[in-house]
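Engineer: Line order of the protein sequences matches chains A and B. Everything in the first sequence is counted per numbering that gives the first Met the number 0, starting at 0 for the first residue and increasing by one. Everything in the second sequence is counted per numbering that gives the first Met the number 0, starting at 0 for the first residue and increasing by one.
Keep in mind the hints are simulated off the structure, nothing from the lab. The beta carbon of each residue, even a glycine, is placed where N, CA and C say it ideally should be. None of the hints are false.
Across the chosen pairs, the derived CB separations fall in these ranges:
(1) S137/B with G355/A: 30 to 38 Å
(2) K108/B with A45/A: 30 to 38 Å
(3) E63/A with V10/B: 57 to 65 Å
(4) K80/B with G266/A: 51 to 59 Å
(5) S61/B with A289/A: 41 to 49 Å
(6) Q8/B with H203/A: 54 to 62 Å
(7) A371/A with K108/B: 30 to 38 Å
Reference listing, derived: stretches of chain A covered by chain B, where coverage requires no fewer than 3 residues with Cβ under 8 Å from a Cβ of chain B:
(8) 351-360
(9) 379-391
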Amino acid sequence: MSAPSYSISAMKDADHGSELAARRQDFPILERRVRGRPLVYLDNAATTQKPHAVIEAIARYYRECNSNIHRGVHTLSQEATERFEEARVKVQRFIHAAHSHEIIFVRGTTEAINLVAQSYGRPQLKPKDEILITAMEHHSNIVPWQLLCEQTGAVLKAVPINDAGELLLDEYLRLLGSRTRLLALTHVSNALGTINPIREIIGHAHAHGVPVLIDGAQAVAHMPVDVQALDCDFYAFSSHKLFGPTGIGVLYGKTALLEAMPPYQGGGDMIKSVTLTKTQFNDLPYKFEAGTPHIAGAIGLGAALDYVQEIGFEPIGRHEHELLRYASERVASLPGARIIGTAREKASVLSFVLDGIHPHDLGTVLDCQGIAIRTGHHCAMPVMERFHVPATARASFAFYNTPGEADRLCEALRDAQRMLG
Amino acid sequence: MFDLRALYQEVIIDHNRHPRNCRRLDSADRIAEGYNPLCGDRLTVYVKLHEGVVEDVSFEGSGCAISVASASLMTEHIKGKTAHEVDQLFARFRSMVTDAMPTEAALGKLEVLAGVREFPARVKCATLAWHTLKSALSNEHSTVTTE
Chain A
0 MSAPSYSISA MKDADHGSEL AARRQDFPIL ERRVRGRPLV YLDNAATTQK
50 PHAVIEAIAR YYRECNSNIH RGVHTLSQEA TERFEEARVK VQRFIHAAHS
100 HEIIFVRGTT EAINLVAQSY GRPQLKPKDE ILITAMEHHS NIVPWQLLCE
150 QTGAVLKAVP INDAGELLLD EYLRLLGSRT RLLALTHVSN ALGTINPIRE
200 IIGHAHAHGV PVLIDGAQAV AHMPVDVQAL DCDFYAFSSH KLFGPTGIGV
250 LYGKTALLEA MPPYQGGGDM IKSVTLTKTQ FNDLPYKFEA GTPHIAGAIG
300 LGAALDYVQE IGFEPIGRHE HELLRYASER VASLPGARII GTAREKASVL
350 SFVLDGIHPH DLGTVLDCQG IAIRTGHHCA MPVMERFHVP ATARASFAFY
400 NTPGEADRLC EALRDAQRML G
Chain B
0 MFDLRALYQE VIIDHNRHPR NCRRLDSADR IAEGYNPLCG DRLTVYVKLH
50 EGVVEDVSFE GSGCAISVAS ASLMTEHIKG KTAHEVDQLF ARFRSMVTDA
100 MPTEAALGKL EVLAGVREFP ARVKCATLAW HTLKSALSNE HSTVTTE
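With the rest of the complex left out, here is chain A (with noise of 0.2 Å):
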C-alpha cells in the first residue's frame, strides 16, 4: 500500500488554499503551547476555538454598548438592542430562514431540543403516538424524547444503523408510520461524522405529514445549511462549535409552527416590547426569550457567522474532506487500528480505536504532546453499544488544522503504541 499523501500542492494552487492557511493566525489560541509542545487541537467537534473577530465583538458590546435590551429608551439600550437583533438577521440569513422571527435564541442545541419537546410535543402528544429518532444521536436528542414519552405516554423508536454507521433508510421507511409524530435527528453524527442525507429524509417523514426536527450541532461549520431547501419544521444549533461563544445557540422553527405553541419558560421579556408601548405576549420570537438573553453571546455569534461566510463552505468543505481523507489513510495504516464511522459521506469527524490500548490512554500520551482530542463515549453511549466498544478516540477537525498536524497526530499515536500496546 502506498503511503497516504496530502495533496498540498492542489490546496495550495487552490484560490483559497493558501488564504485558509493565514486565517490559522486569526484564532489566538492556536498559538498556545502545551506541555511545551505547540497546541494540535483536534476536539473541534466538542468545541471550536473562536477568531479575534469573535472575541473583539463580544469585548467591544462590554465596553461600548452594554446594557439591557428590549427596555430602555436610552441610548445605550437601543444601541444593545440593535446589535443583538441585527444578530438575529445574521442567523437567519445564514440558514436562509424566511423570516427573523423563526430564529429563537436559547441557551445551545441541547435547549433548542427540549423547547420543541415540552412546547410543540407535550401539549399535543398522547399514550401510544411515536417519536422516532435514530441509533447515532447525541444524548441531547435522545434524553429530551425520554422525558416526554414519560410525561405523555409515547413510545420513542430508533431507526438503526449499518456497520459502517449510515442510517438504514429501508428500516427507516419501515418505522415511519400513522403514529408518528415527530421525526427528530442529527444532521451530522458527532460521534461517528456520517453526513445524513436529510433532504430526503425530510421528503418521506412530510409525505407522511410528520414534522421533522434536524440537530444541526455538528453541521453548521462545515456546510452551509439552507432550511428552506431542507424544508425541515425545526433546526437546532449551538454557536459555539461554530467559531463563536458558548452558551448561546439557535432553534429554527416554522413560523406557524412556533406560533401555534405555547411559551417554553415564563419572565419577563416574553410579554414586552422594546417600545413598552403595548403588549406582546404571543409575537415572535420573544415569548420563546424569557428573561434576559445572552446579549453579548448573540452578538459573538453574529461575528463568528460574518467571519465563516467570509471564508466561505466551498474551500471549508474542500480543505475539511481532505484533510479527513489524509488523517483516516494514516490513522488506519497503523497496526491494529480501528476506524468507528466510515460512511459514505462524511464530515471532519475521525473515530478510532487501537486494538490493546483504552482510548483514555491515548488520550493523555497525546495530551503530554500537546494534542488535544476527545476521548470516551462522546454522549453518544448507543452508538458506543452499536459499535462494541466502551469508548472511542476522537479527531475532529476544523478549516484552521493542517495535514502536519494530522502527521503529529499519528507520529503520537505511534508513541503510544510503542510505549502501551
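Starting from the known structure of chain A, arrange chain B on it as the hints suggest.
Structural biologist: Below, chain B without anything else, positioned relative to chain A:
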C-alpha cells in the same frame, strides 16, 4: 515526553498487560461492581473474607491501563489485611494520588501510581478499584460510580 514515564511506569504497563488476580472468584462472599461513566471503565471486585481478614480477592472487567493496573496492584496488596487496614490503605492511596502535599504514603509497590497526581483527569481511573472494593467490604449491593 513530558512526565509520561512518571505515569506509565514499567510496573503499571506490566500489570495492564498481565493483570494479576484477574478472574472470577467463585468462593467470594462479597461482590461489588464499579463504573466510571467518564471512561466507560467497568469492573467487578470479588472478596473472600475469613474472620474479618481478606483471604482472597480478585477482579474482572475492562478499562484503561491506569484502572486495570491499579486494580491488579490493589488485589496483590490487600490479601491478609483486615477491612480496617484496607480503609487506612485506601485513605493513604487517595491522598497520594490527589493531595498536593501527600502524607507519607508507605504504600510499597502501590507508590508506582503516585504519578497520577499530575493528571487530575485520571485520578478516578486509579481509584475506581478501591471504591469498588470498599463497597464490597461494606456489603453495599449497588454499583458504585466515580461520578
